[in-house]
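Chain by chain, the residues run as shown.
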Amino acid sequence: MTETASAPTETTESVEEFAARARAWLAENMPSIDPINPPEHDRGEEAPWLRARELQTKLYEGGFAGICFPKEYGGLGLPIAYQKAFDNESRCYELPIILNTPTFTICAATILDTGSEEQKHQHISAVLRGDEVLVQLLSEPSGGSDLAGVITRADRKGDRWVINGAKTWSTSAFAADYGLMLARTDWDVPKHEGLTMFLVPIDSPGITLRRIKQVNGSVEFCEEFFDNLELGDDAVVGEVNGGWQVASRQLYHERRAVGGGSEFASGIGAEGKSDVPIDYVALLQATGQADSERAREIAGRALVHRAVREQLIDHVYHGVLDGSLPPAAGSIIRVTHADTHHLEFDSVLALSASSGVVDVGDGLIRYGERYLSRQTAALGGGTTEIARNIIGERVLGFPREYAADRGVPFNQVKRNKS
Amino acid sequence: MTEAASPERLLFASTTQSFLEKEASLGRLRELHGAGTAFEADWWRRAAELGWTSLLVPEELGGGSVSGDGVADLALVAELAGKTVAPGPLHPVSTVLAGLVEAPENHEDTIESLVSGEVVGSWAVYEPGRPWAPLDAAVTATPTGSGFRIDGVKDRVEAGAESAVLLVVARSGGVVRQFLVPTNASGVRVEPQRSIDMVKTYARVRFDGVEVDGSAAVGSAEQTSDTIARQSQIAMILQCAEIVGILETVLDFTIQWGFDRHSFGRPLGSYQALKHKYADLKIWFEACRATTNCAVAEVASRSPAAEMAASIAKSYVGEHAPGMLQDCTQLHGGIGVTWEHDLHLFLRRVTLYRSMFGTPEEHNLHVYALTEQLESVS
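In the order they appear, the protein sequences are chains A and B. Every position in the first sequence, counted from 1, becomes a number in the numbering used here once 60 is added. Every position in the second sequence, counted from 1, becomes a number in the numbering used here once 6 is added.
If you're looking for bench data, these hints aren't it; they were derived computationally from the structure. Keep in mind that this is a model prediction, so the values were computed, not measured. Virtual Cβ for every residue (Gly too), placed ideally from N, Cα, C. Careful: at least some of the hints might be erroneous.
[Unchecked claim] Beta-carbon label-pair distances, calculated as ranges: (1) A:ALA413 - B:GLU37: 29 to 39 Å; (2) B:GLU14 - A:PRO91: 46 to 56 Å; (3) A:GLU76 - B:GLY70: 28 to 38 Å; (4) A:ALA342 - B:PHE265: 20 to 30 Å; (5) A:GLU100 - B:GLY340: 51 to 61 Å; (6) B:LEU141 - A:ARG83: 33 to 43 Å; (7) A:ARG354 - B:GLN278: 35 to 45 Å; (8) A:VAL279 - B:GLY340: 47 to 57 Å; (9) A:ARG354 - B:GLY135: 21 to 31 Å; (10) A:GLY457 - B:GLY340: 24 to 34 Å; (11) A:LYS477 - B:GLN278: 19 to 29 Å; (12) B:GLY68 - A:ALA342: 46 to 56 Å; (13) A:GLU114 - B:GLN332: 48 to 58 Å.
Pulled out of the complex, with its shape left as it was, chain A reads as follows (with noise of 0.2 Å):
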């Protein structure tokens, strides 16, 4: 298998030539923004979703979508240097980037990756040109972390699938067209031998859709649940029994993606005000604290470590790409990101102080409530503790945790009390 998806093709333009052939485009098509203060795409609701479609759209008549995708299926296929540059030139506009995690960053890299020829032609080009949204439907009630333990359950009837089962932490699946699901189609065999990957139509019949509230309000997860939904082999990704595989890639673009190293992103902008980056000179003066000694160090360390990330985000890009680093290493990545906002929300509360958490009228409350939802930084998209098992095993080469269910047929496997 392919460790990076993309194989880059030949062009003659070189990259200062393309990103100043990007920054006309732009400035001729796409609406401008104030990055400090983007537009709200709450991927919670519809509109958002509306609107990533139409300005996908764009970009694809323009010919600057999927730049590291490959030309067959409708992408560029350059190099990510050219990725880089079009992400530069495009701070200033609105760009629709929701679309890129999971559409283009985890799904239609795994359907790069595994998919048959069809699936590529239809997803991948469908996806470039704004037509479908595509989601993830892995995680399931009974577990997050032991994903090879999915229960839900895809058995042969005739010549068709019928699925029953439950998935859940699916990002709005309710604005997705499609969503590749992990279903277990063999119980008599080791839990990642009976996996299959199917890749569903949301709205078919036979899937019922819930909402999740989380602790900051947003309801953009979805829980999805399949009473004998239908669907054909030519829904299914990959082999049948081979869906670990699948999965596998999956969560190895997840873990890149997740931590801002996938060359499949297009648009480095934030989804909404509370996603861009916390001014600290800006918050120190509003604090009366722009000549706090301590005020400053704070401010200043969580600085260092969010340039530190950036660069580290290259390093392991490249590592990877050059071999000095294991495809594992984007583990790095993902525990990164996660200590890097723990810092910064733990900074920006101490910061705030008390503001932070009586509505005094400054807005900085927000602070306080962000620092609610601190933990989902270390959980969505596998957690850390997960990810520093992949390091010591996968990076370091360390003995694998002990597993009570390797190698045991999956329905004699204990599972979670009732």
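With the hints as your guide, set chain B onto chain A.
Below, chain B without anything else, positioned relative to chain A:
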């Protein structure tokens, strides 16, 4: 190893590495420590012959670098030196040369003798009782008829007792200037200061009415603060690069220990609590390497972002490296706190560098101030 793409660079790296392995081993470090010697002058001359001192110096002044990127080559030497916490005045000599090449007029001979390794020089920048504040000098240089009279006290001057010449930061007529002062000049008194490192020594240097020629001044008053900034950046990236070399070595043998050492019939690295500790060490190590590479590249290209990048790297590496060494000590168990084990040799150097040329806390303040400046102009 840092980027070492070109064949010339690889050859330079391997020559440097085999010299260090043979002539600057950890055993040798302990011998020097036992003898109370910082480094041997002849050893340093041979290191200079390998090209270590010529990297920041243009060819017309007798220098040159194999790859054309002397700053990156120098960082590579520092990184390799870190693998055995090598002795020697690489940092002070490089820092002085970084200053002199900005204004070589009248100083060609000093540059030549520093490049040849015949002479050691050091930067006298710190002052007693003061934190890292390179532009804030209390030492004075008073104009006389023929030159300047220097008065005051510097301290924490690396290899001060081994140096024949010092580049002294002093206040002259309300502005900060730098002067080359021979340590055998009348009125100069050098008093050794010990450090927590095995071999690195420092010195307090008193200047009591020291008379120097007008030609002792290095560069104009206008360019001095930029020159001092450049020297500071060189000092900081050398520290960071050497620490990266140290961390790589220590992590390598500590990870190996995690495979080899067994408790309760299992290798240490199979315990999740320790596995996670190892994972953090790996994460911080790659981050130290990433930020050091960035700082080296920005300083090498004299980018406007160099000052920020050097402070970011110095803060991050300084914040993490000593704690990482302590974690490695913990992973080794009791053997890690013995004199016989080599861990403390590395811990000493890393801890020394954490606090010299700006603590992480001081660099955090600097990064904040630079951010504030950037925001006010934008």
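Tell me the numbers of any earlier hints that the structure contravenes, in ascending order. Hint check: 1, 4 fail, others pass.
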